[in-house]
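Here is how the chains run, residue by residue.
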Amino acid sequence: MTHKAPANRTMKVDALARVEGEGAMYVEVDDGEVRDVQLRIYEPPRFFEAFLRGRRFTEPPDITARICGICPVAYQMSSARAIEDACGVEVDGALRDLRHLLYCGELIESHTLHVAMLHAPDFLGYESAIEMATDHRPEVELSLRLKKVGNNLIDLIGGRAVHPVNVRVGGFYRVPSERELRPIAERLREARDDARALTEWVSTFDFPDFEHDHELVALSHPNEYAILSGRVVSDRGLDVPETDYGNHIAEEQVPHSTALHARLLARGNYLVGPLARYSLHADKLTPIAAEAARDAGLGPACRNPFQSIIVRSVEVLHACDMALQLIDRYERPARPAIDVQPRAGVGAACSEAPRGLLYHRYEIDDDGLIVDAQIVPPTSQNQPTIEHDLFHLVEDHLDLDRDRLRDRCEQAIRNYDPCISCATHFLDLVVDER
Amino acid sequence: MTDAPDVRVIGVGNEFRRDDGVGLRVVDEIRRRDPTVAVVELDGEPTRILDAWEGADAVVVVDALRSGAAPGTIRTLRVEDGVRLPRGTGHSSHRAGVAEAVELARALRRLPHVVLCAVEGADFGPGPTLSPSVASAVDEAAEHVLAEVRRLRGGAAAAS
Chain A
1 MTHKAPANRT MKVDALARVE GEGAMYVEVD DGEVRDVQLR IYEPPRFFEA
51 FLRGRRFTEP PDITARICGI CPVAYQMSSA RAIEDACGVE VDGALRDLRH
101 LLYCGELIES HTLHVAMLHA PDFLGYESAI EMATDHRPEV ELSLRLKKVG
151 NNLIDLIGGR AVHPVNVRVG GFYRVPSERE LRPIAERLRE ARDDARALTE
201 WVSTFDFPDF EHDHELVALS HPNEYAILSG RVVSDRGLDV PETDYGNHIA
251 EEQVPHSTAL HARLLARGNY LVGPLARYSL HADKLTPIAA EAARDAGLGP
301 ACRNPFQSII VRSVEVLHAC DMALQLIDRY ERPARPAIDV QPRAGVGAAC
351 SEAPRGLLYH RYEIDDDGLI VDAQIVPPTS QNQPTIEHDL FHLVEDHLDL
401 DRDRLRDRCE QAIRNYDPCI SCATHFLDLV VDER
Chain B
435 MTDAPDVRVI GVGNEFRRDD GVGLRVVDEI RRRDPTVAVV ELDGEPTRIL
485 DAWEGADAVV VVDALRSGAA PGTIRTLRVE DGVRLPRGTG HSSHRAGVAE
535 AVELARALRR LPHVVLCAVE GADFGPGPTL SPSVASAVDE AAEHVLAEVR
585 RLRGGAAAAS
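Heads up: the sequence lines are chains A and B, in that order.
Quick note on our numbering: the first sequence kicks off at 1 and runs consecutively.
Quick note on our numbering: the second sequence kicks off at 435 and runs consecutively.
Among these hints, one or two may not hold up.
Which chain A residues face chain B? A few, computed with CB under 7 Å, are given here [said to hold, decoys possible]: (1) 69; (2) 130; (3) 134; (4) 137; (5) 144; (6) 147; (7) 148.
What follows is a list of derived Cβ distance ranges for each label pair [to be verified]: (8) A:125 / B:543: 15 to 25 Å; (9) A:365 / B:542: 46 to 56 Å; (10) B:507 / A:200: 48 to 58 Å; (11) B:573 / A:186: 37 to 47 Å.
Chain B stretches covered by chain A per the calculated footprint, using a threshold of three residues with CB under 8 Å from any CB of chain A [stated by the list, open to error]: (12) 469 to 479; (13) 482 to 495; (14) 538 to 551.
Calculated from the structure, these hints are not laboratory results.
Every residue gets a Cβ at the ideal spot worked out from N, C-alpha and C, and that includes glycine.
Isolated chain A (complex conformation) (with noise of 0.2 Å):
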């Protein structure tokens, strides 16, 4: 670096903004050389791998929804597969669509959330997105129509928009007729266009110029653009059955989190999440999605976390239009659910959760109680990744003042769209200059 640094100081967030949850962060430089960043997870630790231990089998999909209020989803569908795993069963057909057209209500609803309100802000200089809404009316009132169709497609499906209740293991509890799922299909017709558009107005954002070189990790399937199984594959050669990925990764303990901390064993760091999905899949988005990728002027793969914004909002629109191909082949299936009972057994399974993969693997015994049980979110995962971008970037930008310095590594936070509650077993910007 040319510029001169100044030599010692600490940069503290007590409490970051727009993030699903509370954390802080903390960054020391000590003569012009920055010694540690912290991503500090403070939320209370919650214990819900402990208490579903002794539980029915049936429980985890609504026990393991309440992790999350922005992707109860996720914990749904990744619960529900590994307790099928274990009992030697898997769902297909109309009701496997069923789950992956519910699960596509969530990418809209929780990208939506992230890319309008959350992370567009930091791009255009703004405090929040209500100071946003006033210049930038259109665009926020498009937004929040996207979001809306997300949440009826859940509350359609998951029996209501919030903490949904009607995903059981085997399949659902009540489904929908062809007749009910028509008015929603017009709606999203209307989707795909405000999808588009928002795709067109993030992708006119200033970028900085940063990129990383992180193993990037994701659910691939061999037709499809997976979010609801597969095997977990990486840019550098992982390829396992998602039933083995707890095999290949190392939770581990840091003092200044509530949150473990995953790595690829022998491997290190890396990445799961939109970017992760996008570089390793993006020929299998559907063609409408794929040309707003290309318009918005991204390339096969994409590294740099800033432009994940443009990411979030092509997987808004082929979600929008996966959608709409899973309604149009609908044929409601003649039982709700298929027979589950339980056996003695280990099980587990991946999805992609709107922040990346989330695995789930669970004991049961012949009763089908539940002995031991494992959940790794994506936002774990990804916590020392973001602590190495934060670490180069502050790196890269001493000589900013204090308060740029810290929105852009408050910005480089958001990227990951960090899900605090989920990840604490999980953020404050504390910057230590000695």
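Please build the complex by placing chain B on the supplied structure of chain A, with the hints as guidance.
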């Protein structure tokens, strides 16, 4: 117009955070007393609040409050143009709520007539039960909200 004005009641809160759930309990009580009143239960995420009151002539929002008053104290705030609720400053999306929804709707120029009925809470820690002083205010708060609904229905009708 002969249609009665569309007045909705929105209960906001988290039933697993003790007194934070008071808005939901009041809405339960209203549902029991008068099934003709349109009620919605929400977690407080601002855009969901906007969705819930879209197209309404008026809404009564019931929420828990932490102002330092005696637990169970009921306060009614009419959010007319110009009245601003204190916003949770620069915090996570988990701290956003009714005030953010009101400000966002105002910025988008589609703020309905909003009456906020707030019940002072004592304990916002984890747990499913209300504090005794807050629980004993539920009936009176429901009464208050129903009176507001009647006033808003009548008032808007008289205006049309």
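Taking the hints in turn, this is what the structure says about them:
1. 69: holds (6 Å)
2. 130: Holds, because the Cβ-Cβ distance from residue 130 (chain A) to chain B comes to roughly 5 Å (cut-off 7 Å).
3. 134: The hint holds - residue 134 (chain A) has a Cβ within 7 Å of chain B, the shortest such distance being about 5 Å.
4. 137: Check passed: Cβ of residue 137 (chain A) comes within 6 Å of chain B, closer than 7 Å.
5. 144: holds (6 Å)
6. 147: holds (6 Å)
7. 148: holds (5 Å)
8. A:125 / B:543: 15 to 25 Å: With Cβ atoms ~22 Å apart, the hint holds.
9. A:365 / B:542: 46 to 56 Å: Holds, since residue 365 (chain A) and residue 542 (chain B) (Cβ atoms, about 54 Å apart) stay within the stated range.
10. B:507 / A:200: 48 to 58 Å: For residue 507 (chain B) and residue 200 (chain A) the Cβ distance comes to about 50 Å; the hint holds.
11. B:573 / A:186: 37 to 47 Å: Holds, since residue 573 (chain B) and residue 186 (chain A) (Cβ atoms, about 44 Å apart) stay within the stated range.
12. 469 to 479: holds (count 3)
13. 482 to 495: Held - the segment 482 to 495 of chain B has 3 residues with a Cβ nearer than 8 Å to chain A, which meets the minimum of three.
14. 538 to 551: holds (count 4)
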